[in-house]
Amino acid sequence: MPPSGSPPPLELVLTVASPQELSGTDLSPYDAVCLGNTYCRRVEGNFAEELGLLPAAVAALHAAGKKAYVTSPAAPRGRDIPQVERLIDAAAASGADALEVHNMGVLRVLREKRIPLPAHMGAYANVYTHLAAQVMREYGAVRVRPNAEVSLDEMAVIARDAGVEVEVLAHGKIPLGITEKCFLLEGTEGADPMCPSACREEHWLTAGGPSAGAKPSGAGAWVLKNVGKGVVSGKDMCVIEHLPRLLSAGFRIFRVEGLYETSAYRSEIGAVYRESFFLASSGGRYAVRPKWAKTLKEHSRNGFCNGYYFGKSGQSYVGTVLQGDNSRV
Amino acid sequence: MAELLASGGTVEMARVVLDTGADAVYVGAKGWSRRRAQYEMSDDEVIASARYARSRGKILRVAFNTLPASGEIPLLLAKAAKFVREGVRDFILTDVGAMRALKDRFPETVIHASIGCTIVNAEDARFYKEAGATQVVTECRMDREEMRKIREEVGVGVEVLVHATTCYTYLGRCTMSSYTRQEWRFDDEGKNHFLGSPNRGGLCYRVCMTEWDQIGEDGSVEAGRVVLPNLAYFLVDDIPDLIDLGVTTIKIQGREYSVPLVGRMVRFYRDLIDSYLRDRSSFRMEPWKERMAEIVSARDSERRDKTAALISESGLPA
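So the sequence lines, in the order shown, correspond to chains A and B.
Going by the numbering used here, 1555 is the number at position 152 of the first sequence; the sequence numbering is gapless.
Going by the numbering used here, 111 is the number at position 19 of the second sequence; the sequence numbering is gapless.
Everything labelled a hint here was simulated from the structure, so no lab data went into it.
There's no promise every hint is true.
In silico EDC-like pairs for lysine to aspartate or glutamate, Cα to Cα no more than 20 Å straight-line [said to hold, decoys possible]:
no., chain 1, residue 1, chain 2, residue 2
1, B, 221, A, 1515
2, B, 174, B, 279
3, A, 1700, B, 310
4, A, 1516, B, 222
Just need the whole structure built from these sequences, with the hints factored in.
So this is what it looks like as structure tokens:
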């Protein structure tokens, strides 16, 4: 946490996989954009794969006064490492401000290149302790996003003792797992005609409750979202009720997960958080405004969660304002 | 020659696997490994089992392979110090910070990077080597060429799981279980057991194995009663190749299985490995496959019951 003086500025980061996802998204609420999809190399227009897209995208973000980060594959096999090397070179050449890293091998490859491209450890980097973050810092990490399971109190220790910035997931689907094989395909990725279009549509996994076998919402339903080569939460992580606490704890970097969401989701969720940050930082009385809650609910098909941050089940929700029909709170 | 490593979920299991042919046994310090406390050992049990292993000229390896909280690192080091004083030298870890801290404090220890490290490429192995590991557990689907690179070019030992599960997700990078249900429960030493989180030392509720409906954007059912792939496997055909490749350790997972079943697994692999090493040129795999089929059947029966119980415990429909 900052030792003294005025706190560093807030940074609201959005994840965007491709030009298609960028299209129609109002980036004005955001301070930074992380380009690319870490789950699957074959996602159409994936900035982390179609490297020719990077220079223009980075330049456009810089021109708009925003930081540009580029993500990397979460679980690259040995055969993928040459592409990772090209990705690192392209990100550096395009002037990206950091490479998001989930895999320790990628971190090491980046370190070996000895180029001025800092690493941001991503959600799948399994950062749980300040000591692990310190090791990663030696390899060039300047920022870590602790694993979803890490509580806010644990994050505060990492922020205090690791010598790196800590990024907090503020809103969006929680990354829960990455897979080797795409769940949405019957054949192989190269041969199945459904690839890469299958993951452009929404696919939910539901179990239990009256909604099993029907629309994935309502009391009793357990819901996950399947994105093909990964699983994310069915509910949306949401910290809007807790922003004053997060800011007073010293957290300044917040992420909105924009992958596999609509442009309206990315635009309107960002706007809500920008407003809420402004209010929470003003020092006045903070309360979740009804219009914020309305917008968040409109974009949340299965309710909200934030339990991991408070040492509970990830899918539980701690708070009062947005409980609503969140039956498992 | 490849070491045969087997699970020691209890003192009895540790003795049985060592007596049945394992060269080494791994055990979990209570609250510190990727299984619930029921399949872990108290400090006294670890120490007694380590003495037994040494008396047989074999190795006991202590798993500290959780991803702990920062505040728990001193507990880990204190427990490790206790074991080191009693002659334990071998440890399995996941958290790279804990790995470095243990190696710095006790340079004589031998550290293996756990399956929880999700080592999928040779560069991963280099990273953990630099953190102090002398051996890495390779991700379950890693190909032979990558194993060879790790063995020969990176220069660390390669450990291969011959009885384990290929989870739906990459093992070590999955939080589906704790998303569904997690409870913080502290023991007398102050260690949080993180029930519901296998990465943090609790347990996995195997929620992937419940029956899910896959629903499309419009609410229609795209597929009913979907079970996410999570297969328990035995490698049998691969054993000669793995030995020829020079893998360092052949590991049998199974702390949660019954002692007689784990004993049968160990006996099987001991005999198979020895048979192949005795006469590689005339070795035939067919008889071993027949013998394995009986073990598979017994394993599947035990696993089915345990999976149903875990899913039920998670609150999901079993």
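Worksheet item: Holds or violated: are the alpha carbons of residue 174 of chain B and residue 279 of chain B at most 20 Å from each other?
Response: holds (18 Å)
Discussion item. Need the status of pair residue 1516 of chain A, residue 222 of chain B: alpha-carbon distance at most 20 Å?
Written reply: holds (17 Å)
Worksheet item: Within 20 Å, alpha carbon to alpha carbon, are residue 1700 of chain A and residue 310 of chain B?
Response: Cα-Cα ~18 Å, so holds.
Discussion item. Hinted pair, alpha-carbon criterion (20 Å max): residue 221 of chain B, residue 1515 of chain A. Please report holds or violated.
Written reply: Measuring from Cα to Cα gives roughly 15 Å; hence the hint holds.
Checked against the numbered hints listed earlier, the structure breaks none of them; every hint is satisfied.
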